[in-house]
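Peer 1: The lines below spell out each chain.
2 protein chains.
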Amino acid sequence: MWSDTKVSEQLGIRYPIIQAGMAGNTTPELVAHVSESGGLGTIGAGYFSLERLAAEIDAVKELTSQPFAVNLFVPNQQRMLPAQVDLMNAWLSPYRRALNLEEPVINLSQTQLLEAQIDLLIEKEVPVASFTFGIPDEKLIRKMHEHHIIVMGTATSIAEAAANEIAGMDMIVVQGSEAGGHRGSFIKEKGEYPMIGSISLIPQTADAVSVPVIAAGGIMEGRGVLASLVLGASGVQMGTAFLTSQESGADIAYKQAILNSTDTSTVLTNAFSGKMARGIRNDFINYLSEFNGEVPGYPIQNQLTSGIRKASTAQHNDKLMSLWSGQTPKLATSRSASDIIAIIVQQIEGMTQNGIHR
Amino acid sequence: MWSDTKVSEQLGIRYPIIQAGMAGNTTPELVAHVSESGGLGTIGAGYFSLERLAAEIDAVKELTSQPFAVNLFVPNQQRMLPAQVDLMNAWLSPYRRALNLEEPVINLSQTQLLEAQIDLLIEKEVPVASFTFGIPDEKLIRKMHEHHIIVMGTATSIAEAAANEIAGMDMIVVQGSEAGGHRGSFIKEKGEYPMIGSISLIPQTADAVSVPVIAAGGIMEGRGVLASLVLGASGVQMGTAFLTSQESGADIAYKQAILNSTDTSTVLTNAFSGKMARGIRNDFINYLSEFNGEVPGYPIQNQLTSGIRKASTAQHNDKLMSLWSGQTPKLATSRSASDIIAIIVQQIEGMTQNGIHR
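The listed protein sequences correspond, in order, to chains A and B.
If you read the first sequence in the working numbering, its first letter stands for residue 1, the second for the next number, and so on.
If you read the second sequence in the working numbering, its first letter stands for residue 1, the second for the next number, and so on.
Honestly, the hints are just simulated from the structure, not real lab data.
What you are looking at is a predicted structure, and each value in this text was computed from that prediction instead of being measured.
Check before you lean on any hint, since a few could be wrong.
Because identical chains share one entry, a pair is satisfied inside a single copy or across any pair of copies.
What the hints assert, rightly or not - Listed next, the in silico DSBU-like pairs over lysine-lysine satisfying Cα-Cα at most 35 Å (straight line): (1) Lys330 <-> Lys188; (2) Lys330 <-> Lys139; (3) Lys124 <-> Lys190; (4) Lys188 <-> Lys310; (5) Lys6 <-> Lys330.
Isolated chain A (complex conformation):
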């Protein structure tokens, strides 16, 4: 049976389909409906306070007794350069004025947050924790293992997959260049982060590590899921496919922007957060591409643009929001999460039972 993979077995789920932790856009309903439909829902907790994280976990547990995951960000080293921040604040000031916003105060004290978040997952008996932007300290991974949490890392190259395996990750999400949202990259090669397409990344990483790999990036329906398994993955992670779903917390203007996009609509940009991410090109990205300086790194730029993104979202104005999307928006639908999964299962069963006729 195509769905009986190492990932399904280890996670205790029916189909090896994971909903990506789209920070800021998941709802307890989305997470629970994915898990109730046989996949693995994920709370996108990257930007959550401890209080919010506790509340979301409780809300998901109210809705389902199936396994689910929490996705967390591994903090990066950051250096605050006041002159750089001043330049960016000046550049952003027209938008702030138009939206009636104050200059934000940068807060870089969140590096201690990860440990507290992990303690909360342990306390709340969350079954699965996934990480991006790097690898948590090995003692944190050991601690999660001692409390029977399955730990999942993110890699964008063989070297990053190997580093995840050495650190003790139980499975590794391999994020292809097609993926929407932030790149999970953390090891540069000759000064550049990897940008490898899934058809190359999946087999090469699956051959290189002995833990299961989970394909991510551009996967929207049955064809992408089955192709990922054929390429060597033991499961898939899908973000954009669930972002436009009924249960997603994304703003209606954001959902519409994806549903109206085509294969060439996305670009890679660090304009919103200081970290490279794939999203639909809009006015904000175009405006920042004219900025004559270096964009402050993550999370500084993320905090500098946060108010603008929130205010424009409140106005359903897609010109200034981050419109993260993978490279396959033409296959996005506004179906419910459970329909999305049911159709994938149907499509794959059609292909595996009746053969592929091209």
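Please build the complex by placing chain B on the supplied structure of chain A, with the hints as guidance.
Peer 2: Okay, now just chain B, sitting in the frame of chain A:
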């Protein structure tokens, strides 16, 4: 049967596996062995004179009576800026001095060549013609059709695939961002050429056009071939996989560079030809990345660097050659072309008969 696709049927071949027209690196033996093994060999004729093209076609016909293709370049508009060329000549002069080379004379009179090449294909009854860098004039496509030549275009986006279909192409190679060698792109979107990974490009283009699509980019063995069919392709085109084969005409240093590479070894560069292409990073690419000006467009830069590439190839010096490669070099082997195809068939039959166990 997985191999009975529209592409196999239309081309009259056993397996829908096409050897890419790697200009400068195919040999009559490679082309003939691929075709004899049930695939479609391709003469990479992009840089050939009419005399050389005639000789290669005759040599292939001596070796096989199976169908084969000739791959041709569609000429692009070009403008010669003498000051730009002078700057580049000055920048390249240290290499030319080291290799005892003269400054080349630029020759832009080759735009008439395509029509003469097509007439030669008709005269020699070549069964298949494939094109990249754009779409030939519709009257040339009609002429080929009148002479029963199957005509194949190249696309890197839905818009380019649609343009190929409208022009009358019988099938369309869709080149993912993973592909080695030159990008076939010819329609810019907001000033940029498309760069879409195969897992996104294949299903979106297959849904958008009614002619068969052929997946290209990063496909090396059974997993990539079957995954491409699952994604919606009716066939695959493989370059790097055949470039390191016994029969390939690539220099031994070039083959070794691929065999010693990893997933992050390639970069996109216009250093060698003035047109973007994916190859293994080497000294020449690094040196050109420091050039303080605009690299002349294709084919001017191609002619400016031609002597350097030829002389360094004669010395088996991989530092100054163009080392085109896709993003999956870890799966390259030095097997014969017929073994490469036989193993793919075996791998796919294993997966389709016994199921995929991940």
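Peer 1: Hint by hint, where does the structure go against what was stated? Just the numbers, ascending.
Peer 2: Violated: hint 3 alone.
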